[in-house]
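Chains as they are written, first to last, in the working numbering: chain A, 11 to 270; chain B, 11 to 270; chain C, 11 to 270.
Derived from the structure by calculation, the hints contain no laboratory data.
There may be inaccurate statements among the hints.
Which copy is meant is left open, because identical chains are indistinguishable; a pair holds if it fits in one copy or across any two.
Unchecked claim - Taking lysine-lysine pairs in the DSSO-like style, the calculated list, with each CA pair at most 27 Å apart, reads:
#	residue 1	residue 2
1	Lys34	Lys211
2	Lys211	Lys229
3	Lys229	Lys107
4	Lys34	Lys165
5	Lys229	Lys168
6	Lys107	Lys165
7	Lys165	Lys229
8	Lys229	Lys34
9	Lys165	Lys211
10	Lys107	Lys168
11	Lys34	Lys107
12	Lys107	Lys211
On a predicted model such as this, the values are computed, not experimentally measured, just so you know.
So the chains spell out like this:
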Amino acid sequence: MGSENGCTMEENDELWEQLRYEAKCDADAELALASYLYATILVHRTMEQALAFHLGNKLSSSTLSNTLLYNLVVDVFMEDPEIRDAIRIDMRAVREKDPACVSYCHCMLNFKGFLACQAHRVAHRLWSQGRIPLALAIQSRISEVFAMDIHPAAKIGKGVLFDHGTGIVIGETASIGNNVSILHHVTLGGTGKQGGDRHPKIGNGVLIGAGATILGNIKIGEGAKIGAGAVVLIDVPPRTTAVGNPARLVGGRRNPTQLT
Amino acid sequence: MGSENGCTMEENDELWEQLRYEAKCDADAELALASYLYATILVHRTMEQALAFHLGNKLSSSTLSNTLLYNLVVDVFMEDPEIRDAIRIDMRAVREKDPACVSYCHCMLNFKGFLACQAHRVAHRLWSQGRIPLALAIQSRISEVFAMDIHPAAKIGKGVLFDHGTGIVIGETASIGNNVSILHHVTLGGTGKQGGDRHPKIGNGVLIGAGATILGNIKIGEGAKIGAGAVVLIDVPPRTTAVGNPARLVGGRRNPTQLT
Amino acid sequence: MGSENGCTMEENDELWEQLRYEAKCDADAELALASYLYATILVHRTMEQALAFHLGNKLSSSTLSNTLLYNLVVDVFMEDPEIRDAIRIDMRAVREKDPACVSYCHCMLNFKGFLACQAHRVAHRLWSQGRIPLALAIQSRISEVFAMDIHPAAKIGKGVLFDHGTGIVIGETASIGNNVSILHHVTLGGTGKQGGDRHPKIGNGVLIGAGATILGNIKIGEGAKIGAGAVVLIDVPPRTTAVGNPARLVGGRRNPTQLT
């Protein structure tokens, strides 16, 4: 499958080769998963096809078919080299940063945060193309299936780790830089009824602990750390840590490690 | 469909006409969604039928059929004019209060908070009629599908906005007034093992920020605001704001806008 | 069904008899649920078969069949008397401790926390047997279906109540004692990128309130109470209460009841 819809193998896609190798080993070792691993990974020629197939199944419903979603997702992947790049950079980030991630195959199949992020990338492109109802339908399915509510207009960089994923909410005018790690239950929210540019801007390399709530059109500077459970209503300078409710800044020198 | 089961069109249902118009425009503009929009909205004669169809599909499982749920939900809608009224007032509240809501059609199809609330209204009526196991089964499906756990006995007014929805927990003896806005991860909880009347009472026009935890049989007065991440264990007077963990009152004059 | 796959009735399984009696009463009283109750409970000969059937249905997807999952789960239940014991002790704990639980049947059918915990017990055994990909696949489905992300390596005692369940995250090296109650949105998390033994150890009889975040390889002593929304980064001695962000200890004498 795949050649019909114009998918072409990325040249030298080492990550995909590695992922297939892992899936093959798992299928050989665990008969109960062999059919699942073949259908989801091993029969596909490219990472993009496999991911589109998996997302199509996850996000489908009795009224939104997996075939329709597969075709939509694969088309977006094929049109947008930035997304194809981001998929791989995200996957490497998850594998490197999350000690609970045992393989690329594990990330691809099982990580809600990774899957929701890639589905968001599709929704974001559709939104940018003015396909609003479709983008919102995908947002809605992401929210129901992965419990992550990311507005399709939100901008997300590459190498982003959404760990666990459950309960993450990211508003319409939020932006997230590269190499950001965001734990579960994190809110990048707005300020009530107000419209316009109303959500946080997260710099590169920021780490946001579990349950942190960051509200308003504020800046979290490059390399900043936001403690678990922090309620942040003010700008946080680069390489600075914010903790508490309401959050206070604790300076670039103090560098708590306990942010998960 | 529809005439057989006694559904009758509300007279002058302008909201439903507007919603159908929006769905028609979306179907014309986005072929990928046309089938979905026809099946979910455009083939139905009334708002109630469309909503029952959508909820039936969302809440169904391999052992609880969508047909059974459709019939249950539509019957409750037809019996209870208060619920029919609440559906429309809620939908208008979402459309007006949430800057991310682009249309009534968007609310109806995609808002977990709206859908969970209407499904709860059904469960609440069944509970009030003594159909306890059925009410609890619907609560359970709402919790699994929308990640909102609302006890069927809880009382919810009209014009209520549950924004994002994920993680909301509302206990058995909680009550919520009219025109209340509740963000995601909000808990209206009890006090451990204690039985009886043990959950908060939320007045009209209250705004509860993301992640706020309100515990015990306490009163949140009319027009009060509860800050994001607040842990509230005491009564909050009308038009007063409570913030922090544990929450302190900051008076009616101070009126923080950053509660999302 | 059932005799073919070697399931044998537990001798004098009073809990299962009581649960069947409740299901029978509910099926007689509520025709709309009769088919569901027969398929899920009444046709099964043992608690284990019924639970495996229910979990198989809940955790199945278009690529992981309910039959495969049923067989897996029932096999683990049959091999491991500790899990069979834990199922019953957990169910009794839910029934006794949660005032919103009206029957064993209610717990079995509807409680995400109970179902996720039993599915975790299966994943944990598979993990212990080195069936890593399978254990991780089950973890992933638990996280998607019940919004509870429990690493399959985490150790969980008996008589554990996960109330509401939504948003609970339990890390790889966490352990939970017996008779522990954990509310929704509770995190037993790690400390960022660090590997190794990095998650909390929860003693017997601990109560952890909604939204509490407990981070790092710390000990929560027997009978301790963690307040709602607490962010705990330090050991908590036995029978001591910790509240606030960051959490402070408030001593064994003060014994707040408002922890839900």
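Open item on the list: With identical chains, the pair Lys34 and Lys107 could be close in the same copy or across copies; at 27 Å between alpha carbons, which is it: within, between, both, or neither?
Closed with: within (24 Å within a copy, 46 Å between copies)
Open item on the list: If the cut is 27 Å between Cα atoms, do Lys34 and Lys211 qualify within a copy, between copies, both or neither?
Closed with: neither (41 Å within a copy, 36 Å between copies)
Open item on the list: At most 27 Å between CA atoms: does that hold for Lys107 and Lys211 within a copy, between copies, both, or neither?
Closed with: So Lys107 and Lys211 pass the 27 Å test inside a copy (22 Å) and across (23 Å) alike.
Task: Status of Lys211 relative to Lys165 across identical chains (alpha carbons, at most 27 Å) - done: Answer is within; shortest intra-copy Cα gap is 9 Å, inter-copy 38 Å.
Open item on the list: Regarding Lys229 and Lys107, is the shortest C-alpha distance of 27 Å or less found within a copy, between copies, in both, or in neither?
Closed with: both (24 Å within a copy, 25 Å between copies)
Open item on the list: With identical chains, the pair Lys229 and Lys34 could be close in the same copy or across copies; at 27 Å between alpha carbons, which is it: within, between, both, or neither?
Closed with: Neither way: Lys229 and Lys34 sit 44 Å apart in one copy and 40 Å across, limit 27 Å.
Task: Identical-chain pair category, Lys229 with Lys168, by Cα at 27 Å - done: For Lys229 and Lys168, the Cα distance is within 27 Å only inside one copy (18 Å; across copies 37 Å).
Task: Within, between, both or neither, where Lys107 and Lys165 count as close if Cα-Cα is 27 Å or less - done: Both. Shortest intra-copy (21 Å) and inter-copy (23 Å) distances satisfy the 27 Å Cα cut-off.
Task: Within, between, both or neither, where Lys34 and Lys165 count as close if Cα-Cα is 27 Å or less - done: neither (35 Å within a copy, 29 Å between copies)
- [ ] State whether the alpha carbon distance between Lys211 and Lys229 is at most 27 Å within one copy, between copies, both, or neither.
- [x] Result: close within a single copy only, 5 Å intra versus 36 Å inter.
Open item on the list: With identical chains, the pair Lys165 and Lys229 could be close in the same copy or across copies; at 27 Å between alpha carbons, which is it: within, between, both, or neither?
Closed with: Classified as within; 14 Å inside a copy, 40 Å across copies.
- [ ] Measure nothing new, just compare the shortest in-copy and cross-copy C-alpha distances for Lys107 and Lys168 to 27 Å and report within, between, both or neither.
- [x] within (14 Å within a copy, 33 Å between copies)
Hint compliance for this structure: hints 1, 4, 8 are broken, all remaining hints hold.
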